[in-house]
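Asks: If you want the building blocks of each chain, they are given just below.
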Amino acid sequence: MTIASEPSFLPAAQPSFASSHTSIRSWLLSTDHKRIGVLYFFATTLSLALGGVFALLLRIEHLTPGPTVMSAMTYNRLFTLHGVTMVWLFMIPSIPATFGNFLLPIQIGASEVAFPRLNLLSFWIYVLGAAFVLVAMWLGALDTGWTFYTPYSVHSPSAVVPTLIGIFIVGWSTILTGVNFIVTVHTMRARGLGWMRMPLFTWAIYGTSIIQVLATPVLGLSLLIVSLDHAFAWGLFDPARGGDPVLYQHLFWFYSHPAVYIMILPAMGVVSEVISTFSHKNPYSYKAIVYSTLGIAFVGFLTWGHHMFVAGMSVFDAGAFGALSMLVAIFSAVKVFTWVSTLRRGSIVLATPLWYVFGFLILFMFGGMTGVAVATMSLDVHWHDTYFVVAHFHFVMVGGTLTAWLAALHYWFPKVTGRMYSERWGLLGFALVFSGFFGTFVPQFLLGNAGMPRRYYEYPARFQLLHVASTLGSWVLAAGMLLTLAYLLHALCFGRRAGGNPWASRCFEWRTSSPPPEKNFTAQPELGLDAYDYTTAWPAPEERA
Amino acid sequence: MNGARHAAHFESLAQQDHATRLGMWVFLGSELLLFAGLFALYAAGRIAHPAAFHEGVAHAEKSIGSLNTAVLLTSSTTVALAVESLRRDRRALSIALLAVTIALGATFFGLKLTEYGAHFRAGIYPGGAGNFFTSHAAPGLPLFWTLYFVTTGLHAAHVCVGLGVLGLTAQAVARGKIGGERAYVLENAALYWHLVDLIWIFLWPLYYLA
Amino acid sequence: MLRWFRTLFRLPPAASSFADGVDTLHLFLIGSTLLGVLVLSLLTTYFVLRYRERAGLRSTPVVQATGTGELIIVLGTLSLFVLWWVIGYRQYLNMRRRPAGAITVYVVAKQWMWKFSHENGALENNVLTIPVGRPVELLMSSRDVIHSFFVPAMRVKQDVLPGRLTTLWFTPTAPGRYPLFCAEYCGVSHSAMLGEVHVLGADEYQRFLADSSGAHSLAEVGREAALKHACFSCHTVDGQRHIGPSWSRLYGSQVTLSNGEQVTADAAYLTESMMDPAARVVAGYAPVMPTYFGSLDSSEAAAIVAYIRSLEEGPSAPSVRLPEVIVPPPAVSSEPKGDLRP
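Chains as they are written, first to last, in the working numbering: chain U, 76 to 620; chain Z, 708 to 917; chain A, 59 to 400.
These are calculated hints, taken from the structure and not from any lab test.
Quantities reported herein were computed from a predicted structural model and do not represent experimental measurements.
Misleading hints may appear alongside valid ones.
Unchecked claim - Just some of the chain Z residues that point at chain U, by a computed CB distance under 7 Å:
id	residue
1	716
2	725
3	726
4	729
5	733
6	744
7	751
8	830
9	833
10	834
11	849
12	850
13	853
Just so you know, even glycine gets a beta-carbon here, dropped at the ideal spot from N, CA and C.
With the sequences and hints as input, model every part of the structure.
Replies: Below you can see the structure in the form of structure tokens.
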């Protein structure tokens with residue numbers, strides 16, 4: 076039995092966004108936000124693969140305490156490239172520029188973003204920046220770590236400047252995308268869609284965009300100055316020429332701490348959507364999610380000094396940053412509480428997106444709490460620059476963001492492609508990814524406790540067992556990722572056709588066909604029924620179009 | 708002026724107007740943060756080396772700097788007047804005022820280059836290079852001057868971009884593509900120019916007066 | 059309990075007075091985290107089982123958070139986090155405030171080794187020998203890039219910066235040999251920049267001091283350096299005022315600056331005065347001291363500081379009676395202004 080408020084979908088006489096034009100040019104020069112999202116998806120996933128290969132190589136090197144398969148310089152370059160590739164070429168655009176681009180206008184009932192041509196330009200700017208980084212790799216890469224601390228980065232005779240230029244350029248893409256999304260949310264919402272009726276994923280992208288616009292310029296400035304220092308010996312951050320290296324750290328982390336919130340907020344948006352949909356339930360507190368998103372966006376700018384507790388800061392400053400770091404963690408705690416509470420009195424369907432979200436909840440809670448741990452000043456003295464920190468941020472970035480990315484991938488796969496993947500393979504992929512992740516990074520917490528510093532090519536023999544365990548875990552994780560790639564590709568070509576709303580979700584993107592037509596909706600989008608209203612019956616599985 | 712048609716994805720020209728303006732303001736926010744970092748570096752440098760920074764300012768080209776301030780402030784006035792003229796449909800006046808603005812902006816840039824030349828002649832180069840620094844050896848002086856070059860250099864680059872934007876806009880006004888309901892395009896260009904001026908207003912006292 | 063925790067979580071031996079406090083806080087935190095994750099997992103599992111989709115039931119009620127419930131969660135987590143911050147802050151404060159009677163060791167970090175200078179003149183490379191039970195303060199500087207002095211067993215770490223002095227103190231509580239790592243990436247051999255802290259019993263340490271005291275104590279090395287760099291053209295060591303302040307009784311004293319502020323003439327201030335003399339000038343003296351940045355090696359600077367420190371108690375042998383130096387009032391700089399040709 077269907078009800079009147081369930082939208083009916085026009086038959087597929089209307090071409091989808093993917094089949095309306097099919098030339099390569101129509102894809103590469105498209106101003107359709109959905110196609111741009113797909114372009115970003117390919118580019119960022121390639122970056123993920125590249126960064127992942129670097130990681131696997133690093134872990135292979137760590138099978139033995141001494142030299143294993145590469146020289147020290149190669150290792151040092153690889154960990155730097157792993158960081159640079161993952162942070163700027165994958166993590167930052169991964170959810171906003173792909174899923175954000177695809178879904179934001181649809182979720183607010185619009186036909187496009189505010190500035191479609193700017194959107195296309197942003198993509199090609201990203202590609203240009205990535206190309207610079209790749210060229211820099213070919214020119215011998217660099218070994219400064221993704222943090223480029225001076226004065227080492229100023230003096231290191233490696234491809235520092237091309238890499239920094241590449242990241243600077245990618246930063247432009249981030250800023251322009253942020254501007255585009257902010258203006259879209261402010262000005263392009265469908266009639267009758269107030270701020271507090273927007274989907275939570277849209278809110279997450281909005282909060283992320285604010286951070287992107289305000290934080291990235293500071294990164295641009297820091298990298299510009301390091302490039303000048305490196306190329307022309309201008310010495311702004313070089314103590315040998317009167318500069319202050321700690322000042323560089325302040326400027327760098329002023330961006331890079333908010334940057335981690337750029338990486339996690341969209342993931343949190345995905346979690347909100349998936350939990351509601353698969354428990355067929357309104358969020359326990361929509362307002363709490365919204366306000367905690369804005370809280371993270373704002374307070375996240377005030378905590379950067381917790382990366383510098385042993386860098387030579389005053390005790391008072393360190394204390395202030397420590398306190399503010401505790402405050403920002405509260406917002407995440409509120410979200411976790413809200414998500415779990417949403418399950419209560421719901422009608423829960425277990426499917427791959429939800430499995431990934433459960434994985435997220437556990438891994439993010441653990442990762443977030445270890446973040447509170449390293450923000451505790453006396454404890455950080457021991458853990459700073461050890462594998463404990465490495466484990467912490469991989470828990471939140473891989474266990475958090477990548478897991479949510481995988482959830483998003485499966486959740487919106489039918490919407491984007493019009494096909495369904497196999498749940499059996501999905502569950503297997505999840506099991507491999509989740510257990511592989513655990514196996515890779517839990518040993519690293521213990522390594523950090525034991526005092527194993529990070530960015531170490533060789534290590535004392537007593538750490539070998541934990542390193543081997545971590546490397547084996549990385550192989551399971553890689554297997555899970557490859558398996559996921561394989562069955563999703565298969566589903567793309569041979570999966571059974573999905574209807575407009577296979578998950579019986581109430582969120583707005585499910586009120587159009589799968590895939591959506593070029594203008595997103597065939598008729599006026601019906602947004603009267605709330606995005607999270609499951610009080611009225613939804614269609615049974617066999618009735619879903 | 709040709710019919711005010713909005714871009715296809717907007718519902719109305721009013722929506723396009725609103726969106727474009729908001730977009731420019733948000734973008735200007737990011738530009739502010741860019742320069743904020745440089746001012747933060749100045750503040751840190753000044754706290755660490757008060758005497759050297761004071762000495763650095765003493766050697767600044769005060770008359771060129773003050774002249775440039777007057778030039779930029781005037782250009783902000785003329786561009787604001789250009790916007791107002793266009794709102795009142797006085798296109799010729801608007802174009803003339805835009806031309807004056809561009810001329811003033813170019814003057815600023817020329818004066819800046821002259822000023823750099825004066826610095827170089829005095830032996831002041833970025834990075835503490837130049838024989839000025841052999842006779843003035845306080846550790847904070849190279850920092851002051853390098854910051855000066857980076858900040859004013861970045862600002863001058865923005866002046867150039869602003870000149871380009873104003874030039875293109877003036878062309879569009881001349882061709883009748885901007886005006887009336889589409890006057891907001893000129894307003895946005897003027898906004899960018901005002902930001903360039905605003906940054907200079909902060910820069911000038913720090914590097915020339917204090 | 060702490061011992062069991064340390065073993066299970068792979069913590070290194072607890073060899074300093076900081077270790078117990080830090081490890082207890084660690085246990086508190088990680089314990090709470092694991093408990094929280096367990097509760098989260100159990101609750102989620104329970105909800106999934108209890109509220110599994112049932113055929114025929116295809117609507118759910120709206121369940122909204124209560125204000126009170128939210129407040130409890132927020133205040134609860136906030137209190138816990140603030141508690142951890144308070145404890146951590148107090149421990150951190152303690153780590154940054156050196157107690158009296160600490161032994162001083164000067165540390166120079168350079169790619170890719172550690173150099174230690176003891177006050178008796180002993181020089182060690184990559185090994186730091188200290189006695190058990192006495193606080194030791196490390197005054198550290200780098201010759202090139204940022205390094206970081208990390209001894210896991212002592213639960214201490216501090217970045218070592220070029221052009222600046224950073225300090226670290228701890229009290230070893232058990233004799234032994236403890237690994238020292240560099241914890242800030244510093245180039246190709248970063249992972250080879252290893253060392254050891256040798257903590258000796260009191261007698262053994264006395265023997266070490268006796269065996270190792272160099273022909274010159276560090277203070278004597280400092281005096282040689284001061285002679286070489288002509289410091290005595292402006293500074294006396296017998297209390298007489300000259301072009302610059304006398305070094306007699308200077309170390310640790312309160313000095314008044316030209317801007318009225320008061321500072322303690324400690325190692326950091328003295329080092330800064332050599333590197334950036336115009337930054338904080340003592341009241342009543344003209345700002346004419348040149349900078350020694352680039353001409354004084356960091357170990358020379360450390361040695362000069364050690365020499366000044368040796369004059370803490372009073373003047374050394376009286377030198378020549380100097381003529382009275384008339385000090386002009388600190389005036390506006392009389393330097394010629396820059397070229398203002400427009």
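Asks: The structure should be examined with respect to each hint, and the outcome stated for every one.
Replies: Evaluation of the provided hints:
Taken as an interface hint, residue 716 of chain Z checks out: its beta carbon lies about 4 Å from the nearest beta carbon of chain U, inside 7 Å. A least Cβ separation of about 5 Å between residue 725 of chain Z and chain U falls short of the 7 Å threshold, and the interface hint therefore holds. At a threshold of 7 Å, the smallest CB-CB gap from residue 726 of chain Z to chain U is about 4 Å, leaving the interface hint in force. Hint status for residue 729 of chain Z relative to chain U: holds, with the closest Cβ pair at about 5 Å, below 7 Å.
Because the closest C-beta pair between residue 733 of chain Z and chain U is about 5 Å apart, less than 7 Å, the hint holds. Because the closest C-beta pair between residue 744 of chain Z and chain U is about 4 Å apart, less than 7 Å, the hint holds. For residue 751 of chain Z, the interface hint holds, the least distance from its beta-carbon to any beta-carbon of chain U being 5 Å, beneath 7 Å. Interface hint status for residue 830 of chain Z: violated, as the beta-carbon distance to the closest one in chain U is roughly 16 Å, over 7 Å.
Hint status for residue 833 of chain Z relative to chain U: holds, with the closest Cβ pair at about 5 Å, below 7 Å. Given hint, residue 834 of chain Z at the interface with chain U, holds; its Cβ is 4 Å from that chain's nearest Cβ, closer than 7 Å. Because the closest C-beta pair between residue 849 of chain Z and chain U is about 5 Å apart, less than 7 Å, the hint holds. Below 7 Å, beta-carbon pairs count as interface contacts, and residue 850 of chain Z has one with chain U at about 5 Å; its hint therefore holds.
The beta carbon of residue 853 of chain Z comes within 5 Å of a beta carbon in chain U, closer than 7 Å, and the hint placing it at the interface holds.
Hint 8 from the list above is the single one not met by this structure.
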